[in-house]
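**Q** Listed in order, the protein sequences are those of chains A and B. In case it helps, the working numbering puts the first sequence at residues 1 to 113. In case it helps, the working numbering puts the second sequence at residues 114 to 228.
Watch out, some of these pointers could steer you wrong.
Claimed, not checked - Dumping the calculated BS3-like pairs for lysine-lysine here, alpha-carbon to alpha-carbon at most 30 angstroms: (1) A:68 to B:166; (2) B:168 to B:183; (3) B:168 to B:184; (4) B:131 to A:70; (5) A:56 to A:36; (6) A:36 to B:116; (7) B:183 to B:166; (8) B:126 to B:170; (9) A:70 to B:170; (10) B:166 to B:116; (11) B:131 to B:166; (12) B:168 to B:131; (13) B:126 to A:68; (14) B:126 to B:166; (15) A:36 to A:70; (16) B:168 to A:36; (17) B:184 to B:170; (18) B:116 to A:56; (19) B:168 to B:116; (20) A:36 to A:67; (21) B:131 to B:184.
Honestly, the hints are just simulated from the structure, not real lab data.
Each chain, letter by letter, is given below.
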Amino acid sequence: GEDVEQSLFLSVREGDSSVINCTYTDSSSTYLYWYKQEPGAGLQLLTYIFSNMDMKQDQRLTVLLNKKDKHLSLRIADTQTGDSAIYFCAESMVDTGRRALTFGSGTRLQVQP
Amino acid sequence: DVKVTQSSRYLVKRTGEKVFLECVQDMDHENMFWYRQDPGLGLRLIYFSYDVKMKEKGDIPEGYSVSREKKERFSLILESASTNQTSMYLCASSYVPDQTTYEQYFGPGTRLTVT
């Protein structure tokens, strides 16, 4: 079955790098996503990576995928107070026909000034 | 810009009431989803719909039903609200692409309190 796990909380100082980790269990995952949820808002897609890639970089965001260990990480460089939010890892499994995403529990990132 | 709207941001209902949560998307997406979000549990799929009048149960459908009479609108119904249905409800939509990404677009959420 599918299971996506994340740690619940991360605290960093402004200007430092943040690394949010995620593990998943289903090897048939096709795309893996990072969503951001700011207080009182819905989820917003930050970035995604296809399962045949190892890394994707987009400005301050770097996604690393270790398919052997089923481990996904999101690195935010030069973390700002505006990055404080809940970050969700999610996977899609297109081959199974399941159209919904499976989400992790979310990691609350707190950025201290 | 895709827009997914939900009828209420906050809702307070009494135990036993019938509750309707409405969701509308403006991008002609085929797929629509209802999730509930609870602290420490992430998002859990209640129901989804891949076409008008089509629906499939998600991971936690008990106590809920859905309706999709028009492509742009997906309703979540709590037939008889209970206190354990107090939660944040998130609606999402996605389209059926030629490629395989299944990016979902989310509404702002409805925080439902059942007293």
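**Q** Are the hints correct? Go through all of them and say.
**A** Comparing the hints with the structure gives:
no.: 1; hint: A:68 to B:166; result: 41 angstroms, violated
no.: 2; hint: B:168 to B:183; result: 13 angstroms, holds
no.: 3; hint: B:168 to B:184; result: 12 angstroms, holds
no.: 4; hint: B:131 to A:70; result: 42 angstroms, violated
no.: 5; hint: A:56 to A:36; result: 17 angstroms, holds
no.: 6; hint: A:36 to B:116; result: 17 angstroms, holds
no.: 7; hint: B:183 to B:166; result: 8 angstroms, holds
no.: 8; hint: B:126 to B:170; result: 24 angstroms, holds
no.: 9; hint: A:70 to B:170; result: 27 angstroms, holds
no.: 10; hint: B:166 to B:116; result: 22 angstroms, holds
no.: 11; hint: B:131 to B:166; result: 21 angstroms, holds
no.: 12; hint: B:168 to B:131; result: 20 angstroms, holds
no.: 13; hint: B:126 to A:68; result: 48 angstroms, violated
no.: 14; hint: B:126 to B:166; result: 27 angstroms, holds
no.: 15; hint: A:36 to A:70; result: 21 angstroms, holds
no.: 16; hint: B:168 to A:36; result: 27 angstroms, holds
no.: 17; hint: B:184 to B:170; result: 18 angstroms, holds
no.: 18; hint: B:116 to A:56; result: 27 angstroms, holds
no.: 19; hint: B:168 to B:116; result: 22 angstroms, holds
no.: 20; hint: A:36 to A:67; result: 23 angstroms, holds
no.: 21; hint: B:131 to B:184; result: 23 angstroms, holds
Going through the hint list in order, the structure does not satisfy hints 1, 4 and 13.
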